[in-house]
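**Student:** Each chain, written out:
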Amino acid sequence: MSIIAAGMISLMTVTAGLPEVMWLGEPLGSQSAVSYAMGGSGFMETSALGMLENPSLLGLSEDGLLVEFSGGADFIVEKRTRRVYDQFESSIGESEIAFNKEMAFFPGGAAVALRGISGLPGSVAFAAGYRVPAIFGYSYDRIIRDAAYVKTGEEMLDVSGQLNEFDLAVAFMPSEVLTFGLAGGYVTGGRDVTWEVAYVDPSQDGTLAGRTESMSGIVTRGSLLFAPRDRVFVSASVEYPMALSVSPENSGDPADWNTLSNEDYDLDMPMTVKLGALYVPGNNLRSRVTGDFFWSNEGSLQFEDASLGLSNSWGMSFGVENTLPGGPTARFGFSYRRSPIAASLDRMSFTTGLGFRTGDWNLDVAGSFSPDRWMQTEVAGLPSFVSGDSLTVEETDTRIMFSISRAFRL
Amino acid sequence: MISSLVLAACIGLAVPGGFDLNTATLEELQGLPGLTALQAEELYEYIYETGGLQSIYDVMRIPGFGPRELDYLRSRCVVVPPPEGMVSQQVMNVMERLATEDGPGDAAVDMWENYLIRPIPINSATSWQLRSLDRVSLVDAAAVETRLKTLGPVSSVTSLRNVDNLTYYGYRNMRDFISIRDLDLSSMEFFGSYRVVVDGGDGRFYDEEGLGTMLGELRSAEYDMMSGGRGYSESDSVAWMERISDERQELLQAVNTTAWEHRVRVGLGDRFRGGARLSRGRNSSSGFGLFDDLDLGDLNRRFDVAKGFASIENIGAVRQAVLGNYHLSLGQGLLIDNSDEMMYRSTYRTWGLYPDLTSTRQFAMVGGALEVQKGPFLGYGFYSSASRDAIRDIDGTPNILFMSATRTSPYADVVRETTYGGYGFYDFGGLLPFGTAIGLGGMNISYSDSLVPDAGTMDIPGDAQVWGCPEYDVLEAGESSSFVGLSAQTIIDNVSLEGEMVRQDNESMAALARGMWQNDYFYLLGIWRHYDLGFNNPYNRGFAEQLRYDDTIFEKPYYLNDPLSSQLAQWPAPKPEEGMYIESRFQVSRSITFTKVYLDLWRSIPYGFDNYRFQGEVEYRPDFTVRFRLKYKFQDKTKMHDVVPTTSRTTEYTFRTFFLPSGSDFFDVQLRVGMVELTPNPLYGDDRLMSGGYLAARWEHNFSEALSVLGGTTLWSTDGMSQWEFEDTGIDFLDGDGTKFYVTIKNNLSDNLQLRLRVLRKDTFYPRTGLYRPDPEDSFYYQGDPDSPVRDFIDHATEYGIRCQLDFRW
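Heads up: the protein sequence lines correspond to chains A and B, in order.
Throughout the first sequence, residue numbering follows this note's numbering, covering 1 to 410 in sequence.
Throughout the second sequence, residue numbering follows this note's numbering, covering 1 to 810 in sequence.
Wrong hints could be hidden among the right ones.
As the list claims (entries may be wrong) - From the structure, some residues in chain A lie toward chain B, with a derived Cβ separation under 8 angstroms:
id: 1; residue: V67
id: 2; residue: V84
id: 3; residue: D86
id: 4; residue: S95
id: 5; residue: R373
Claimed, not checked - Simulated coverage check for chain A against chain B, where a stretch passes if three residues somewhere in it have a Cβ under 8 angstroms from a Cβ of chain B:
id: 6; segment: 264-270
id: 7; segment: 280-294
id: 8; segment: 319-331
Claimed, not checked - In silico contact screen, one side only, chain B against chain A (beta carbon under 7 angstroms); selected entries:
id: 9; residue: G200
id: 10; residue: G203
id: 11; residue: N256
id: 12; residue: F659
id: 13; residue: V790
id: 14; residue: F793
id: 15; residue: Y800
Please keep in mind that the hints were generated in silico from the structure rather than gathered at the bench.
Note that the structure is predicted; figures quoted are calculated from it, not measured.
Just so it is clear, CB atoms sit at the ideal spot from N, CA and C, and this is done for glycine as well.
Just chain A, same shape as in the assembly (with noise of 0.2 angstroms):
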């Protein structure tokens, strides 16, 4: 569901809003900390929440009933900067000028997936659950100084909310080698931005804004699996949603905020293209070798008949698993995601996670850690907290993640 988290983003960086690391939060990737900890994608992962994202893994699942859980913890550290210079105009350092730290936590989601009970063809799989899609969690602070260097104010944004999707997914395993999947999928969820400005002395009038938004939308999946040899799982997706309603309500100070109406709006989402890649090594360690591209093509999208002006967006990942002999499974991985907004937006994470499996149930943790920096004249259109053309935003996001799963033999 990252297309439509990166389509709200869209809409709100051309209408004044802010960068989809700052405004949106990130988009989850995988709900299940098995495959969040190899490179932070589900789309291979072969748990009841990964068969959601790409139905078509039903057909790697086990007889049985496959129940999993997740959540976890969200934790940004924001340093923004001004460069300073000298008289010569020479710079001497960048000096921080705010510093912002937001924790959140979040559900990941709940998923039941069903192969081989009686009463049901033995060609047929089935998956139903609850996800979270991308989350909304920013929080800004920041002390106004005069050039003396007396506090006269504060300057305060705070962004939260998330996004929800309930799914059901279907997949038909023809062959052996090849297995097809679908699945929907409805959205819903808010997102509320409170914007406060105020000053010490009493007479001077600050400000105080805030937007609500609910949205609710449908998406569908399509995919296949094709196992081409022996160990080797290769797999397409195409993830079409429809458009994403949307009803704003502004409240307090309309002016200082920003020049969105509040009337209820449509949102046309993207289309994502994915592909991945399943490898079992066989060697001692068991290993897991998964790999996954997609392509997104914002750069077509419009809002009432005009170009958002982002551009196609792509990304991949890459994870490793390894079962230590006689000690946990080890996992790790990397992402690079390039941002349909602007490239000094694109985004790097290392991923990391240990397994441990207690009789038949699994439990799962994952972190994942991914650094930032950019400069705010490298976003177009984006309003400045300060005067001024060198402020630069360092924030690091660093993620934890948890999952318990079973799996029930029926």
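On the provided structure of chain A, position chain B as indicated by the hints.
**Tutor:** Coordinates of chain B only, in the frame set by chain A:
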């Protein structure tokens, strides 16, 4: 196969000493009472070289093994045959090491990897071939050739072990790349590799001569011009402003760009090789033509280096013919070594002709090259036509060749260079000691447009700075240069003597003579070199203490019209100097070794300043698992400065320990402190003392042969004296105060899939104090907001790096 493994495991439990011979360690084999220590070693070596025994009866092929040893081993051990097509673990380890050594000067790495898959047939090898291998000296190569030519072919590589004058290190360094096989010219075995590297991350890092500094200097130059601080004519002023501004805009696009590398290599039997590379460096600007006059659209915006080659080998006298990109390094590197990199005091040089898929760009040869061997004659011929970067005057005239990581349009692809030449060697082996040869070579370089050095257009008009750069001033205008080289080498027992002299058509010359005496416990190396001031061969990579434009005005971007011209300081050719370098390694006893001791005495030719540098390092190893090293370095160097020369005296101490607490752990701690004393200068007033040091620790744990994790941290503090350290993947410079953490994961997922993943965080702190200025005209301020003065602050730069490298081989 599985049943064999189960059987092996069972026997391993039931029978003392019972294990799979193919996976046994040397210690396990030496623990077998039925084998002598030498036999255990021979068996280990045989398994190592052949990739594994197919059956227990293979041991009969090992010299010194007979029915008794066969019966003994058959009753005690098992053999689990390696799977078909498996690359041995030893070969994987070498590939892993080579994968970390890929750099602009390492075109040879690709060929070494090919040799791991299809080794050099040792019985028909010459010393020329062997010395092209990784760290194989001329004495080692000649020792093997002498053995083969005088006593005939060998039946196994192991039997070279005791060849006269072949050191243990020489044997160890060549054994992975040679075998007793014959060339199979009819083979159509298809092999190759694909590598993808993504190197990115984010943040800000201090790079004294890099992108961040250049952006700052460009902005400062813009301001200087806007405020009328330069004495240009009106038209020049407008032109310079436009150029500086455009350059800055181009470089801004390069900030924090991610590095990508795609590289594919293929081979067909012993005959054909091919490969291609498409890459972009980190923080590197692109947008220039990857191939001249060919519009590749988006590829040009995404990548900055494109390379490719096709080569054929072993056709009669033609040992190798390469079309496309190639790297050539011959003699002592005074005539030809087309690398973008020159390491200070590098005593090791790869030799020969190699297809080139490295990151080398400015000195990349594009065309064709040939290596021919007929009897005692070995010849190389080469031709290249490629565009070259150059500093351009404001009127567009090419000024001087140039190389820069911060590449922009005014400098890119300014002239086309056509280079051709050849080098022939006559081998006197047999008549004189093997390894004795003389060589004669020549090279002509011409440019599509004349290069016109003109200090007047580089230096800011009316600037008070004295230009003072003899290395630049001596250059003459012209569009071609030619060079003639003469080289000679010989061997006397375990002593090698080599030399090369090259003369340029402007009457200048360069010469280098080198002698090395070596055995298993000792070597003594001496190098004498002389480079005339006027000797300006861009392909000279001879041994030197300094780069040609070190300690010149090109280290000061603020003294130049275009600050980007200062990148000429990175020009990888030796400084005009004359000197004598002596280096030694000496193992006093089993536990004490002087690992590297050297003394370099050299004179700066333009100014006649005498300098010296000494380094001594001693290692104490009380036990196999512990090593202590103490290193001392002292340097006394004088350089021309404003008004009077300045002498710097550098002292540095390094203490390092290595621990191997278990077979799968490696621990390394290093402490370094140093100081630099500068003699009085009107710029400083009094003596000036700078200092710096760091503490670094590294730990590597091998979970299995296929998975290891390495973590490291460094804490440093400097007061004007920057530090540097070697990480696992390269050199890193440390400024200010700071901390650094990194983790590298290495995972051999299968015989043909390797992964390396690295994460780094580096924090650098620069306190900026004393910024308060009562006069607004003199104040420090935020960019774009001159009315907001800035007080003291700590400039905290955080750099994050994430690097992923995937190698797939087949």
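**Student:** If you check each hint against the structure, which ones fail?
**Tutor:** 1, 6 and 12
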